[in-house]
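Construct the entire structure; sequences and hints are all you get.
Each protein sequence line maps, in turn, to chains A and B.
To convert, note that position 128 of the first sequence is 128 in my numbering; the numbers rise steadily by one, no gaps.
To convert, note that position 61 of the second sequence is 61 in my numbering; the numbers rise steadily by one, no gaps.
To be clear, the hints were calculated from the coordinates, so they are not data collected in a lab.
The structure displayed is predicted, hence computed values, not measured ones.
Note that CB positions come from ideal geometry on N, CA and C, so glycine has one too.
Nothing false has been slipped in among the hints.
Computed footprint of chain A on chain B; a stretch qualifies when at least three of its residues, placed anywhere within it, have a C-beta under 8 Å from a C-beta of chain A: (1) 73-82; (2) 86-92.
Only pairs whose alpha carbons sit at most 25 Å apart, straight line, appear in this in silico DMTMM-like list of lysine to aspartate or glutamate: (3) K112(B) to E11(A); (4) K260(A) to D16(B); (5) K93(A) to E86(B); (6) K93(A) to E135(B); (7) K114(B) to D156(B); (8) K211(B) to E226(B); (9) K93(A) to D168(B); (10) K90(A) to D16(B); (11) K260(A) to D68(B); (12) K260(A) to D17(B); (13) K90(A) to E92(B); (14) K211(B) to E86(B); (15) K93(A) to D107(B); (16) K260(A) to E86(B); (17) K90(A) to D17(B); (18) K213(B) to E225(B); (19) K93(A) to E92(B); (20) K90(A) to E135(B); (21) K114(B) to E92(B); (22) K260(A) to D87(B).
Here are the chains, one letter per residue:
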Amino acid sequence: MAVVAPIRVLEAQYRTYRRTWRGSVISTFLQPVLFLTAIGVGLGTLVDDGAGTSTLPIAYLAFLATGILPATAMQTGSSDGAWPVMAGFKWRKDYYATIATPITVRDLILGRFGFAAIRLTFVLTIYTIIMALFDAVPLWPGVLGIPPAVLTGLVFTALVTAFTCTLENEIGLANLFRFGIVPLFLFSGTFFPVSQLPDWLEPLAPLTPLYHGVELVRKLVLSDLEAPLVSGTSMWVHLAYLLVVLVIGTALAIRFLDRKLLV
Amino acid sequence: MTAPLVIAENLTKRFDDITAVDSVDFEIHPGESFGFLGPNGAGKTSTMRMIATVSPVTSGTLSVFGLDPAADGRQIRGRLGVVPQEDNLDLELTVAENLYIYGRYHDMARPKIKDKIEELLDFAELTARRDSQVEALSGGMKRRLTIARALINEPDLVILDEPTTGLDPQARHLLWDRLYRLKQQGATLIISTHYMDEAEQLCDRLVVMDKAKIVAEGSPRALIEEYAPREVVELRIHNGMEAAIEQLVKLAPRIEPLADRVLVYTDDADRTLKEVHDQGIVTDSALVRRSTLEDVFLRITGRALID
Chain A
1 MAVVAPIRVL EAQYRTYRRT WRGSVISTFL QPVLFLTAIG VGLGTLVDDG
51 AGTSTLPIAY LAFLATGILP ATAMQTGSSD GAWPVMAGFK WRKDYYATIA
101 TPITVRDLIL GRFGFAAIRL TFVLTIYTII MALFDAVPLW PGVLGIPPAV
151 LTGLVFTALV TAFTCTLENE IGLANLFRFG IVPLFLFSGT FFPVSQLPDW
201 LEPLAPLTPL YHGVELVRKL VLSDLEAPLV SGTSMWVHLA YLLVVLVIGT
251 ALAIRFLDRK LLV
Chain B
1 MTAPLVIAEN LTKRFDDITA VDSVDFEIHP GESFGFLGPN GAGKTSTMRM
51 IATVSPVTSG TLSVFGLDPA ADGRQIRGRL GVVPQEDNLD LELTVAENLY
101 IYGRYHDMAR PKIKDKIEEL LDFAELTARR DSQVEALSGG MKRRLTIARA
151 LINEPDLVIL DEPTTGLDPQ ARHLLWDRLY RLKQQGATLI ISTHYMDEAE
201 QLCDRLVVMD KAKIVAEGSP RALIEEYAPR EVVELRIHNG MEAAIEQLVK
251 LAPRIEPLAD RVLVYTDDAD RTLKEVHDQG IVTDSALVRR STLEDVFLRI
301 TGRALID
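Below, the structure is given as structure tokens:
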């Protein structure tokens, strides 16, 4: 039972998603399309025509697309750990229904994260196809970016879930996105290389999970890219960092949800 | 005699500085319908949550099916059916899907769940709504679905926390009827309620809880016989309440003045009522009824059950 229990949760998540996916699908796909159009194509033309050519050996659109991929994963993953989790223990209280059965809090978290991984894979695959249609990055090696981006998304699902479980109401969630996720989105190398950051800010970037996700995706997909557009850090370091944070985040999420539900 | 399904000894639950359940003892036997009667905040829900293994015991011992809730929670929950105070159904899913998911949580095989769903839809009178979204159901229907959901795994023990709170009288009676049927089929039920009529209807045996403690225990009939004379005369007195009370004290062994009326406990209501009028006490209205658990509660705690 201990092994299959998380799969039962995943199954239930899928059944609910089958009825609710329409609500999120537009925003999920529209956002990357808007970014690629406005900033990638619009601004990118300026970048490539101007001084940008001296620093970027590739089209800005390709640089941006490989940043938006893990950044989208971060946003999808974070949202997954925010409102649905608060609904689970505060608004709908469906988590209480789940743990009244043989399912444990651990099963609940693992099952949710398992489903989050599947949903991220689906969303990011569509995104990769959109990237190819924009002529930003061809499907191959574009698809290589999917696994690290999924991992990045999951790291945020875990961290944000753990954080949400410490909150009493949704004010904290709004602040998390305003002061946490949005700055990460802007300053983790998504739009411009981290080497462009002010000197005092630059050393902070490697502390954030999104930075490692972006680096990993770029090194895999745009293998010709060199410093200072990407760091000289090994891909294994990025991977190890993300895996470690995922494990810690998952353990915290289980512990904090346990504390929330089993009082 | 078979072993009790639940045994609690000195069972205590504390939250920071509040003691929600204070050293209570009780046993629940197979096939019985056991009630926790008490006002809000008496500790009923906390006790039931501990039995359901979703709330750690602070001190004392608790065994459910002979197992330890702290160590064998998964196993215990596999044999329980839980109906929480607030419905927590999946509103986006259909009636049948809600039952299906619960069956899967209990690790039941698909064909078995399918059969069980038909049986439970029939039991809960929801067959016609099987493919409706739960969001569209009435309060009574949601409650019946929550109960049906709790029965999907054919539990040995069903825990119902205030099953009819918030329902209209008609929905309540239908629910009582269903629970009574369940009882007839030999299910063991634990019911918490602050309605004395519900406790009288459904419980074979109950404990009265007040301020985290058990203050009385027995069958509804035995409790009423022990704590309250057979009949009650309820008098509404608009003017001269205090003077009337002074006179009434001499007429009956026990009276209970409430905010808007006086309860006069007696073994012969007709005689008492006649005496009241003979004494020239002016009442706005007089009602004669049999004693209920409400009177038991009032007697024990000095307070009304629902204020």
